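A.B. asks: Here are the chains, one letter per residue:
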Amino acid sequence: MEVSYWLYGDDFNKHSDTLDTEKPIEVPVMDQREKVWQKAKVTLSRSPVAGAELAGLLGPYGEPYDQGKFYVKIVEMLPEEEEE
Amino acid sequence: MAYDMRNFVDDLRKAGELVEVDREATWNFEIPAFEVMSARIGGPAFLFNKITGCPETRLLVGGFAGTFRKPHKRIAIALGEDPNVDRFTWFRLMLPKMMNMLRPVEVATGPCKEIVKMGKDVNILAFPLTYHSLGDGGRAMLQNCTLVKDPDSDWINSGNYGIEIFSKNRLVITPYAHTNLNFIYSTKYELRNMSMPIAVCLGGDPVLTMVASTIAPPGVTEFDMAGGIRGVPVEMVRAETSDLLIPADAEVVFEGEIRPYERLPEGPRIESFGFSTGPRKLFYAIRVHCITHRQNPICYDTHASLGVSCSGLHDSFFAQGFYMILKMLGLPVRVGSFFTLRGGATQVYSMEEKVYPGFTQDLVDWIGGNPALSTFASHLLIDGDTDFWDHGDVFEAAWTQVNPKRDVVITPGIFPTMTVESSWMEEEDFKRYFRAGTHGYQKMITDATTKGEPPLGVKRTSFETLFPDELQKWVTDNWQRLGFKEEPRWVKPWIEAKV
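One line per chain: the protein sequences are W and Z, in this order. For the first sequence, position 10 (counting from the first letter as 1) is numbered 10 according to the working numbering, and the numbering increases by one without interruption. For the second sequence, position 492 (counting from the first letter as 1) is numbered 492 according to the working numbering, and the numbering increases by one without interruption.
The set of hints was computed from the structure by calculation and includes no laboratory data. Remember, predicted model here, so these are calculated numbers, not experimental data. Don't take each hint at face value.
Below are the DSSO-like pairs computed for lysine-lysine, each with C-alpha atoms no more than 27 angstroms apart in a straight line [as the list claims (entries may be wrong)]: (1) Z:Lys97 - Z:Lys117; (2) Z:Lys97 - Z:Lys14; (3) Z:Lys168 - W:Lys39; (4) W:Lys41 - Z:Lys168; (5) W:Lys73 - Z:Lys14; (6) Z:Lys70 - W:Lys41; (7) W:Lys39 - Z:Lys120; (8) Z:Lys50 - Z:Lys188; (9) W:Lys69 - W:Lys41; (10) Z:Lys70 - Z:Lys14.
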């Protein structure tokens, strides 16, 4: 199944209690269009909400699982550390 | 005018080894998939002329790919050598040229400076650096010529590393433990709390990427070997943001620095021996301050699965450096190389003569004392009359000439091969990234040479041992004249050659 974002399973498990609560969490996500990890403020849900897109999880060796079983809504992409 | 990537593309085209793709293609899985399928079926190299999101850039894949028996097939085209020589001949052809070193020369400017982007204008993502496979930690450059300099001498080290794109101005580089970059950075810059200038170069003369793929002894500038192979010195220009010298005709150069103790997460990703590495670990972070490139640059890429450019470079040049070190150490080894294609990562030593009692222990000591020899976990000694590049022969030797109780040595201790943990890592980081780049292996050394005792001393039933020498030569010489299309494979000249 095509997903828009990957998250690490470890991060998801740490924040699974926020599912469907609209409580934003800060985790690294990989946008499938850019294939670059970026820290973002997101909400997690089991069903589609406005602005949310399908996501999947990655195990420690990059093995994908639970594709399309939940949604991620990007609240804010957090800027990476800027050079001085 | 020196030979460069554009000449190489022309030569591949003339040799019928290149297919040009003018329809739009994407770096996101698609181009790597073409390369991997082409490697599987012995297909061509590809030049993609139009890449999604990367205007004015082109991408060459499969340029250094070959076959298992002739991994140097396209590499030889770049060097003006015969692509049809066998692998053993290739080794013997290259070594004296590489040892005949010529120092690079500095020139005022070069095509690599046609476009210069500094600071906020730096955007690594504008280049077609590919995303290779499902689950990879990010886009990556797996074929490059990366330059650093010893701060205490004029030694310039070049290497070919896995480099992941972290953001528009950050890269993460993952040198193996045995590499000179690791040695220079960790012992000469980081310990002095100094930042290390670094330049990641794509393109230029293909020979630069080839020598970057060797293991050279510490202190040897690989570009000196490139000059030896070409017979003329490499032309270099001064970098924009440091005193590094870079190839004048490189297609793209990413200039930056590795700061002391600065790490970023990298991986997982596929590795050159055909498996995925992981998990995501912390490795050296590169801050990119400047990108210089030619107009309409030709980037190149390799997947790291089997049979692709990565295999071609490994089997033709990485192995060549390894062979060079064995000869310099004076070991009684005819050829030393390793198997990547279907052989996992086993270092194989074809012995000049019967192994003397205690040689295996000597080898354990050499492996322990030489990072280059310590790269792989498994080491296999075979007789000179075992066809080094025939997996069937090697497999047979490993199963029929080995007394497991006597001929297999497994080192009791672990050889630590990577230590790149960072002082700012916390317990949680260690948990997440496991040992943070620390690899440790026990070594297994298997002596599969003949011991002269039945049934192990029985001569091998091969073409070379079953028939008189003159008859072997007659059959080989007349094979194709008799109407057979296949190329005969006669290993007797290899066995008898002094190397």
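A.B. asks: Given the proposed pairing of Lys70 of chain Z with Lys14 of chain Z, does the C-alpha separation stay at or below 27 angstroms?
C.D. replies: Answer holds: Lys70 of chain Z to Lys14 of chain Z is near 19 angstroms, not above 27 angstroms.
A.B. asks: When you check the alpha-carbon spacing of Lys97 of chain Z and Lys14 of chain Z, does it fall within 27 angstroms?
C.D. replies: 26 angstroms, holds
A.B. asks: Between Lys168 of chain Z and Lys39 of chain W, does the CA-CA distance stay at or below 27 angstroms?
C.D. replies: 14 angstroms, holds
A.B. asks: Could you grab the alpha-carbon distance between Lys73 of chain W and Lys14 of chain Z and see if it respects the 27 angstroms cut-off?
C.D. replies: 52 angstroms, violated
A.B. asks: Hinted pair, alpha-carbon criterion (27 angstroms max): Lys70 of chain Z, Lys41 of chain W. Please report holds or violated.
C.D. replies: 52 angstroms, violated
A.B. asks: Is the straight-line distance between the alpha-carbon of Lys41 of chain W and that of Lys168 of chain Z 27 angstroms or less?
C.D. replies: 20 angstroms, holds
A.B. asks: Within 27 angstroms, alpha carbon to alpha carbon, are Lys50 of chain Z and Lys188 of chain Z?
C.D. replies: Status violated; Cα separation ~43 angstroms.
A.B. asks: Straight-line Cα separation of Lys39 of chain W and Lys120 of chain Z no greater than 27 angstroms?
C.D. replies: With a Cα-Cα distance of about 20 angstroms, the restraint between Lys39 of chain W and Lys120 of chain Z holds, given a limit of 27 angstroms.
A.B. asks: Taken at face value, is the distance from the CA of Lys41 of chain W to the CA of Lys69 of chain W at most 27 angstroms?
C.D. replies: Holds, at roughly 20 angstroms.
A.B. asks: Holds or violated: Lys97 of chain Z with Lys117 of chain Z, Cα cutoff 27 angstroms?
C.D. replies: 37 angstroms, violated
The structure fails hints 1, 5, 6 and 8 (numbered hints given earlier, in ascending order).
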